[in-house]
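Sequence order for the protein chains is S and W. Its first residue numbered 0, the first sequence is counted upward by one per residue in numbering that gives the first Met the number 0. Its first residue numbered 0, the second sequence is counted upward by one per residue in numbering that gives the first Met the number 0.
Keep in mind the hints are simulated off the structure, nothing from the lab. Take the hints with a grain of salt, since some may be wrong.
[Stated by the list, open to error] Cβ pair distances, simulated, as ranges:
1. S/LEU12 x W/LEU9: 43 to 53 Å
2. S/GLY153 x W/PRO235: 57 to 67 Å
3. W/LEU12 x S/PRO448: 32 to 42 Å
4. W/ILE564 x S/GLN50: 31 to 41 Å
5. W/LEU477 x S/SER271: 21 to 31 Å
6. W/THR547 x S/LEU447: 34 to 44 Å
7. W/THR200 x S/PRO448: 46 to 56 Å
8. W/THR200 x S/TRP66: 40 to 50 Å
9. W/LEU563 x S/GLN105: 32 to 42 Å
10. W/ARG363 x S/GLY153: 46 to 56 Å
11. W/LEU9 x S/ALA462: 18 to 28 Å
12. S/TRP66 x W/LEU79: 41 to 51 Å
13. W/LEU12 x S/ILE370: 46 to 56 Å
14. S/SER271 x W/LEU79: 32 to 42 Å
Predicted model only: the values in this text are computed from it and were never measured. Cβ atoms here follow ideal geometry from the backbone N, Cα and C, with glycine treated the same way.
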Amino acid sequence: MPWLSVIFLLPALGAFGLSVFPGEISYRFARMWALVVSGLTFLASGIMAYQFNYADGGQQFKETINWIPQVGISYSLSVDGLSLPLVLLTGLLVVLSIFTSWELNQRSRLYYSLILLLMTGVMGAFLARDAIIFFLSYELELIPLYFLISIWGGKRREYAGTKFLLYTFISGISLLVVFLSAFFVSGSGSFSIDALANPQTPYPLAFQAIALGVLTLGFGIKMPLVPLHTWLPDAHVEAPTAVSVLLAGVLLKLGTYGIVRFGLGLFPQAASQFAWLLAVLAVINVIYASLAAIAQTDMKKMIAYSSIAHMGYVVLGIASLNTIGLNGAVFQMVSHGIISGLLFMLVGIVYEKAGTRELPKLGGLFATLPIVGAFFTTAAMANAGLPGLSGFIAEFLVFRGGFERFQIPTVLCIFGVVLTAIYMLKLMAKAFFGKIPDQLLTMPRVSLPELAPSFVLVLVMLAYGLAPSLLTGMFEPSVATLVKQLGTETVAQLPR
Amino acid sequence: MESLVQFSWLIPLYCAIGALLSLPWALGFLKTQRVAAFIGLLFTGAGTLHAGLILPQILAGAGGMYQAPWLHIGSLTITLSALVNPLSTGMLVLVGAVSFLVQLYSLGYMDHEPSLARYYGLINFFTMAMLGLVVSNNLLIMYGFWELMGLSSYLLVGFWWSKPAASAAAKKAFMTTRIGDFLLLVGIVLLSVTAKTLDITELGKWAETAQLAAPFAALLVLLLFGGPVGKSAQFPLHVWLPDAMEGPTPASALIHAATMVAAGVFMVVRLEPIFALSPIAMTVVASIGAITAFGSALIATCQNDIKRVLAYSTISQLGYMFMAIGAGHPEAAIFHLFTHAFFKAMLFLGAGSVIHAAHTQDMREMGGLAKKMPITTLTYGVGVLALAGVFPFAGFWSKDAVLHGIEEAHLYPIFVMGLLTAGLTAFYMSRQFIMVFLGATSEKSEHAHESVWTMSLPLLILAVPSAAAGYLGNAWFLKEELNLQLAGLSTAVVFAGAAVAVAVYLLKWMPKGAVEALSPVRTALANRLYIDGLYDELFVKGIEGIATVVAWLDRNVVDGIVNLISAATLLGGQGLKYLETGRAQFYLLIVCASVLALGVVVGMR
Chain S
0 MPWLSVIFLL PALGAFGLSV FPGEISYRFA RMWALVVSGL TFLASGIMAY
50 QFNYADGGQQ FKETINWIPQ VGISYSLSVD GLSLPLVLLT GLLVVLSIFT
100 SWELNQRSRL YYSLILLLMT GVMGAFLARD AIIFFLSYEL ELIPLYFLIS
150 IWGGKRREYA GTKFLLYTFI SGISLLVVFL SAFFVSGSGS FSIDALANPQ
200 TPYPLAFQAI ALGVLTLGFG IKMPLVPLHT WLPDAHVEAP TAVSVLLAGV
250 LLKLGTYGIV RFGLGLFPQA ASQFAWLLAV LAVINVIYAS LAAIAQTDMK
300 KMIAYSSIAH MGYVVLGIAS LNTIGLNGAV FQMVSHGIIS GLLFMLVGIV
350 YEKAGTRELP KLGGLFATLP IVGAFFTTAA MANAGLPGLS GFIAEFLVFR
400 GGFERFQIPT VLCIFGVVLT AIYMLKLMAK AFFGKIPDQL LTMPRVSLPE
450 LAPSFVLVLV MLAYGLAPSL LTGMFEPSVA TLVKQLGTET VAQLPR
Chain W
0 MESLVQFSWL IPLYCAIGAL LSLPWALGFL KTQRVAAFIG LLFTGAGTLH
50 AGLILPQILA GAGGMYQAPW LHIGSLTITL SALVNPLSTG MLVLVGAVSF
100 LVQLYSLGYM DHEPSLARYY GLINFFTMAM LGLVVSNNLL IMYGFWELMG
150 LSSYLLVGFW WSKPAASAAA KKAFMTTRIG DFLLLVGIVL LSVTAKTLDI
200 TELGKWAETA QLAAPFAALL VLLLFGGPVG KSAQFPLHVW LPDAMEGPTP
250 ASALIHAATM VAAGVFMVVR LEPIFALSPI AMTVVASIGA ITAFGSALIA
300 TCQNDIKRVL AYSTISQLGY MFMAIGAGHP EAAIFHLFTH AFFKAMLFLG
350 AGSVIHAAHT QDMREMGGLA KKMPITTLTY GVGVLALAGV FPFAGFWSKD
400 AVLHGIEEAH LYPIFVMGLL TAGLTAFYMS RQFIMVFLGA TSEKSEHAHE
450 SVWTMSLPLL ILAVPSAAAG YLGNAWFLKE ELNLQLAGLS TAVVFAGAAV
500 AVAVYLLKWM PKGAVEALSP VRTALANRLY IDGLYDELFV KGIEGIATVV
550 AWLDRNVVDG IVNLISAATL LGGQGLKYLE TGRAQFYLLI VCASVLALGV
600 VVGMR
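Using the sequences and the accompanying hints, generate a full structural model.
Written as structure tokens, this is what we have:
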């Protein structure tokens, strides 16, 4: 069974089927359709993960069909330890996000088609072994997201949608520029990543430096890196909950995944020379976005900035270029997906029930939403790096690896855990502690389908926090392969 | 019995199960809250019993290391390892027993609490974390339990979450300790890179041969010390503990008096070989202990809230323990940790009994309770004598061991501060005892009556070690000859302190001039020497201010530029008819231009 093609194309087929399904259909039918299609896709990625060889650090399940041989483009998919956890995360979060929009009934056919199309785009980007397939998937994911924000969004949805589109558009162009120029400079006549990232024929260093710079601009918009980040808080604030979950949970990972796959893969020499710059950018992300988060009064915006700050840890892990740090970066990608996904889900529930996300208008929600409160406490603590939950070990690996190469930036990033605690506790104090305002005393009950996805994510967060080797076992060999190719392993030594 | 020792590393799990099982009640799925309380009691009791049964064998040399692999990445190996030795087993028994008694006491004290299950769940969760911490033999795992204790402290301080003061205190407790934990985490990362291990036994071996430059060693040790400074509420991170008294009183007795706050001392003792790498840092440890002990004893003399007096007293006594460690006598610190846990837990529970009966925490509204509450008064009296360090009560022996250690290390200024602190301690405890239990009855104490047996029994049980643990501890473990000279000196100081309190508060023997002269000092002390206010102005408002500026810049400058560019592009686009020609060509144009540019760059090389 070509599992990767199934994972890649099944959601798109599902989207197509849903949109051409004859006659009027109820939102329940559309929802069930999307649930089944995404569930089957998730199942397929589970089977693929079951058959995956965890001792092998190379590409597996390779599928290659010549597509446009005249220009060296092939339909080529494969998976390795770096993409496997992200594929699984995408599958899980898409399924769960459908639960979070349980009662959505306006233009539901289009809504669920777009969600499924989005899934194909993201899966394709993670599975692509051809730069053009990656690029097309990367662009494909953008279109449904734009519509999801501008149709089902909040008050300023058009502004946010357009902003998102323009930014990601620049991001896409930058990638295409890099891929095309790498294609010409390498002279390999193929867009296959294997051909573009051939360690035997490295690119000239000047080219590497410029290309890495352009690539960082492209992927930096997606991650996002400060100061390219302002589209994200706007998009989050306007987007419906499910879209926020996917945006923070998986779409941002395309940026960091891209830097690892293409930045480190294609331009290793430039990456090792300019890693310090990435470390500096990581510090800016962590400190700047955390500070901005502290001053927010909209819960969702606060979480959005928090999400930006925590992507900074991924960047620091990448910049370390050593085994521990890169393992930490991948761990943090998954952990961030779970934690920020969970936080957005819970904020969504609060907004749904209380009718506002403004912290000054909230308070005492433990009284009316006790279980949501318990989950929120757990998620807030996970975000603040509490041991026993997935965020801690991810951050520790990043710090431990980062410290070997960049001591001062790493210490500054560690200070992020203090800043995170400040805004998470502020949010808890203002929303859940204190006296409940009278108008919030009566609110609709939280239904089981609304709570179920959060519960699942809490369990995953706990599992990876208590037994991190469950997760590291997936990607450790692939990270080892990567570090070997880079030749940048640091040996722990006394800092001077 | 053999298997009990073999499975001793499981002891923390008893309370983990207790905490988990409380969830159905705590989350509201099941109604009869008291069931969860009994579950908690049962599991904590079982764990404590387990620990108690193995203690004789561990003291006889059984036990050892229990390990399981946890995480291995590159050169980093983290092993789940538990060290079961006399110290850790003693701590298991101590923490388990105090937790059990506190839970028994809470049956009475928290009788009408609608969220009883949440309370017991949190107490069990805390106990699990603390028990896990004391057996951990890997610094990272220990840090994990350390943080979990912090979480349970946060949730217990904020237990009555709808009270604004409780919410603020919970936040303050978590944030203040987090600053210490930030330093500790940096220290752990630094240590892990330097020593290439985080296994505490291996760290000890490494420290024996490590050659570190003095400034580097001092930096490393002081970073590690940051965590204990926060957790054990030492100056300058002491501010959270008095506020933490907003939590339920039995929780304060367990967490903020007997056990969690002492975990900082315990951790430093476990890391003693590393701390010994830097004599400078050890002096800093002793000095911070001395400043804290003396300063908070001073503040305690002018507090009127019965629990806050005890809170400052706890800070002060923890300072003693750090003085001993800094002087190179960890055994004295641990001795004081044990005795203090007994009598301070009892004092807090006694205070709870008083609060429960008099419905106030303000000592000025109390008085004459001795007649109404004989058991509470008797046990509180034992606690006062033990804390003040009167022969032969527990505190006498452990405090003298501390002072003796400091004297041996020739740290004379610190010794003098320790001695003065002993006098102050006797003063504020006598003052408290007089204000609460002696004198005329007040309006509030008029209707007070003795508490129920679930509350008074734990007091009576704790009174035994509060009286005898010092003598026995010295006879069995420390085996030190009593230094009569030192004992005489400290006893004289203690009686002087107590005499002043009796004169001022019982005999109302106050020269007018002295009252007036001391009034500014008293105001400063009553306001905690303005340290909390200073932190609020400096750090809390400082960070808020910076954050506001950053958020403003983000919205107006960073995003402003973006919007400006897009506006300009749109305007320019109108002229150039970009938008009309469609996206594909725009793409192509940029693509071609960029490739050209790159080609030129590469060609020029």
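_Indices of hints not satisfied (ascending)_ = 2, 4, 5, 8 and 13
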